[in-house]
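Asks: Spelled out, the chains give:
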Amino acid sequence: MTPHLLTRTLVDSYPESAAPEGRRSNDDQLDARVVPLFRALCVKRIYNANHSHLSFNRKLMRLSDLGKGITAVVENVDDMHAADPIARRLRDLGFVPGEPLRVVAHGPWGADPLLVQIGSTRFALRRSEANRVSVRQKEE
Amino acid sequence: MSDSSLRIALVGNPNCGKTALFNLLTGGRQKVANYAGVTVERKEGRFNAPSGRLIHVLDLPGAYSFESLSPDERITREILLGEHPGEAKPDLIVCVADATNLRLHLRFVLEVQRLGRPVVLALNMMDEARRRGIAIDVAQLQQKLGIPIVETIAVRRGGARALISLIDERNVEGAHARTAISSDEVDLHAEVRSLLAATVTMPRATDARDDAIDRWALHPFFGPVILAIVMFFVFQAVYSLGKPMTDSIGDGFTWLGTQAATWLPDGPLRGFVADGLLSGLGTVLGFLPEIIVLFFFILVLEESGYLPRAAFLLDRMMLAVGLTGRSFIPLLSSFACAIPGIIGTRSITDPRDRLATILVAPLMTCSARLPVYALLISAFIPHRQLFGIFNLQGLVLFALYAAGIIGAMAVGWTMKRLRRSDAQEHALLMELPSYRLPKARDLVIGLLERSSIFLKRLTGVILALTVLMWFISTFPSPPAGATGPAIDYSIAGYLGRGLQHLFAPLGFNWQISLSLIPAFAARETAVATLATVYAVGSDADTVGLGHALVANFSLASALSMLVWFAFAPQCMSTLAVIRRETGSRRNVVIAFGYMFVVAYVASALTYQIARLFS
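From first to last, the protein sequence lines are chains A and B. First residue of the first sequence? That's 24 in my numbering, and the numbers climb one at a time after it. First residue of the second sequence? That's 70 in my numbering, and the numbers climb one at a time after it.
In short, the hints are calculated from the structure, not lab data. Where hints are given, some of them may not hold.
Stated by the list, open to error - Stretch-level coverage of chain A by chain B, calculated; a stretch enters the list once three of its residues show a Cβ under 8 Å from a Cβ in chain B:
hint	region
1	86-98
2	113-122
3	130-138
As the list claims (entries may be wrong) - Keeping only pairs whose Cα atoms sit at most 20 Å apart, straight-line, the calculated DMTMM-like set for lysine to aspartate or glutamate is:
hint	chain 1	residue 1	chain 2	residue 2
4	B	K100	B	E113
5	A	K91	B	D280
6	B	K112	B	E156
7	B	K100	B	E110
8	A	K91	B	D276
9	B	K158	B	E142
10	A	K91	B	E500
11	B	K112	B	E518
12	B	K485	B	D419
13	A	K91	B	D279
Because the structure is a prediction, the values reported are computed rather than measured. Glycine included, every Cβ here is placed at the ideal spot set by N, Cα and C.
Next comes chain A alone, as it looks inside the complex:
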């Protein structure tokens, strides 16, 4: 992940000092790595809060850009073209607005495909497929 994206990610997912409930149980390890970073970035968060017209808050991202281990909520699945069968299938598999998900693994070459955990199911999606899903970082 690029540094500026990480910043955005952390700022969005930590509006308050507590980590979201779901993440604490699933990803203690990750938290251990992330929390110090988060502290370092608090300054930026406060800056953003005071300059909300500049902030990245509420900005949507593609599932393909979501970092590993970070929980987000599906905003929408977009059809790439009319009657897009892949988008349709994604919706059938539970990629519907409001559903929480998490990227749990990346493939070894080019970080492709992604392994996405949604509910109790793990789906392997190629980046091109994950591009259809827009997500928002989970908020408390």
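Let chain A serve as the given structure and place chain B on it in line with the hints.
Replies: For chain B alone, kept in the frame of chain A given last:
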């Protein structure tokens, strides 16, 4: 249909255990494994309920949804509604759902309910759900859904008792079906969400054990390393576990042949029993242990749930060579035999990906080629340890398997280049199942099944070909005053020498050239034919086939023959299945043609290069 009999159909999401339940109900032995899309054809069976009522059971391929455009799912829907031609409408739909994954599976249950047919819900894998601490308020779920629910454990004896008694006692006409129609997917998901909130509590969304294993198995660096070690271990094991057993079976038949030669009167009968039956068939039978070891590992991998992980790791690489991660499982089962592999490609939704997979599947080394490899390797490759851990013979075997895989990649890449550029996208969208410990019972059934197929082939087509090969290498007898060995005057001698002109650049002598003919019907027969030809042609009654080979041709020829078998156009049954599955004769010609050219060129190169070094 009579009043007393009942038709039920099993439907549900892929990999929820429909086929395991089908086997439990009907005493069937359909293949089960731990990945989505094991069942690609409808299967039918029946059983008698305790009341004596006859119940017909239909096992359908898994479906995620009826609303998408996939042809299998459309057929499933038609069958359930009684709209599929030639298929009686089921009286009762048994919707099977994985109790550990209700968020996904309940949505499909709701879709099935909307068909307006009588439905019962079987909550399967209840043992797993309990182990993971998932609590389901079945009574309340039943009330909210408005359909009867039973708990099942399809992998345990008696795990379907509740389902049987429900089906048996139930007055099907009275089963109410919900008719509320709303086709909005979001609505279905919202309904599932509210059902789950009211009836299910899960301590955690996933199995902690799965997460722990996947952290390593899917690691960007360790994942591929583990995969390579697993595959390498399997092929080493085939050699080091199977070989000693093969040797003792071979010794047994040599002894039997000597006995037969002592007891039977001199003449064609003695020649037939000793040279044809015992040398020929006995040699092939000897390879059964190696085949069993190979199948054991394939079954364990299939049952464990590791295969879809391997597909995940390899997807990007396979995409680069014009295939897809989904090709991995059909290609792996082609190591057993290309025929189930080619049929298994039905789980690949994209037609071009599927055709590419079908065309390269025969390059995977099938178990019928194992006897040929094992024979030549043990005769020509010295038994030596490398670096203290690797066995040189096992290493050569691994190299041959690798040659098939690399060949398939090269062919896939070439096909991708030749194909007109396509704007349409290829989808992966693959579910990774929970890991599961393989059940001893399933392994035993699977191994018995494969052994019986092997023995049937042995006593059927291989026996017939062996008899034929013995006949043509014995008759006609040499004319009076002939000087050369008798076999030179037989039909086999003439045929082999005729073919040798074609195969001379590959370093094949006439005996090898001859053995390629029956090998086209069944690979293993090449071994039986060589055994017969050398037994008939030699003066001694029985000579170890390995020694006969070493005495009669060079290492370069042996290597060339190994390479030929790695790439050569495979058996007739495979070509027939390609014809059936693709519905096109053109694809058969393409498959045969490209494999012949590749095999010819690769063998010729091997022979010429090996000769330079020896």
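Asks: Sort out which numbered hints this structure fails and list those numbers smallest first.
Replies: 1
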